[in-house]
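The lines below spell out each chain.
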Amino acid sequence: AQTVTQSQPEMSVQEAETVTLSCTYDTSESDYYLFWYKQPPSRQMILVIRQEAYKQQNATENRFSVNFQKAAKSFSLKISDSQLGDAAMYFCGLNPVGGSQGNLIFGKGTKLSVKP
Amino acid sequence: EPEVTQTPSHQVTQMGQEVILRCVPISNHLYFYWYRQILGQKVEFLVSFYNNEISEKSEIFDDQFSVERPDGSNFTLKIRSTKLEDSAMYFCASDSGSLILSGNTIYFGEGSWLTVV
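Here the protein sequences come in this chain order: L and H. In terms of my numbering, the first sequence is residues 1 to 116. In terms of my numbering, the second sequence is residues 1001 to 1117.
Read the hints as simulated data drawn from the structure, not as lab findings. One or more of the hints may lead you astray.
Claimed, not checked - Result set (BS3-like, lysine-lysine): computed pairs, CA atoms no more than 25 Å apart in a straight line:
id: 1; chain 1: L; residue 1: Lys108; chain 2: L; residue 2: Lys73
id: 2; chain 1: H; residue 1: Lys1057; chain 2: H; residue 2: Lys1042
id: 3; chain 1: L; residue 1: Lys70; chain 2: H; residue 2: Lys1042
id: 4; chain 1: L; residue 1: Lys78; chain 2: H; residue 2: Lys1083
id: 5; chain 1: L; residue 1: Lys108; chain 2: H; residue 2: Lys1042
id: 6; chain 1: L; residue 1: Lys111; chain 2: H; residue 2: Lys1083
id: 7; chain 1: L; residue 1: Lys108; chain 2: H; residue 2: Lys1057
id: 8; chain 1: L; residue 1: Lys108; chain 2: H; residue 2: Lys1083
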């Protein structure tokens, strides 16, 4: 079975500071993609960043970066210079390349609050 | 930027009634999906659709549910005889199917919030 675990139900960060959201996963697939999606109060699912498992280099998207540790099956999200608009629910997701197309497995999410 | 669009954004229905949720996936995408999120819970996969047929479905997707691509642009989820526990946000999603173009990235719509009373 493939699983995604987010151990932090809630996190809080001061505006302009840095915060790291944790995610661990388990899969028997040799190749897969990992994602972080953001869900603001509007409840839309917005892609934040993605990482191909075969790439050792950590993905970055502006203020968002990941720390991908394949051996440890860890995929944390770092948000730098946090902004009020970053406040949202963040879901970590796993999509195996060799597995079922589109059966994206999500963690339970981490609710991020940003304090002004 | 192309996006997945869903209608309605919110629907209230009586228990036992049929509901159809509509989606327009991104135009050059080949794979289409429905996901469900019960309030306060994680997003769960329901079904994937490719080449005009279901390619995979979860255990949630029982005989009460069906999907259809009635024309070249729309993708629908039908829920027959709705139950209270069907109340949830339903997300439509799509992807190009190309690892090169989009790296297995699935693009979600804004969701349709279904309330069964």
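Regarding the pair L:Lys108 and H:Lys1083, is the alpha-carbon distance no greater than 25 Å? The hint holds at about 24 Å.
Pair hint L:Lys108 and H:Lys1042, alpha-carbon separation not exceeding 25 Å: holds, 5 Å
Does the structure keep H:Lys1057 and H:Lys1042 at a Cα separation of 25 Å or less? The hint holds at about 17 Å.
Please work out if L:Lys108 and H:Lys1057 have their alpha carbons no farther apart than 25 Å. holds, 20 Å
Given the hinted pair L:Lys70 and H:Lys1042, is their Cα-Cα distance within 25 Å? holds, 24 Å
Has the given pair, L:Lys78 with H:Lys1083, been kept, meaning a C-alpha gap of at most 25 Å? violated, 40 Å
Check whether the Cα positions of L:Lys108 and L:Lys73 lie no farther apart than 25 Å. holds, 17 Å
Has the given pair, L:Lys111 with H:Lys1083, been kept, meaning a C-alpha gap of at most 25 Å? Measuring from Cα to Cα gives roughly 29 Å; hence the hint is violated.
In this structure, the hints that do not hold are numbers 4, 6, in rising order.
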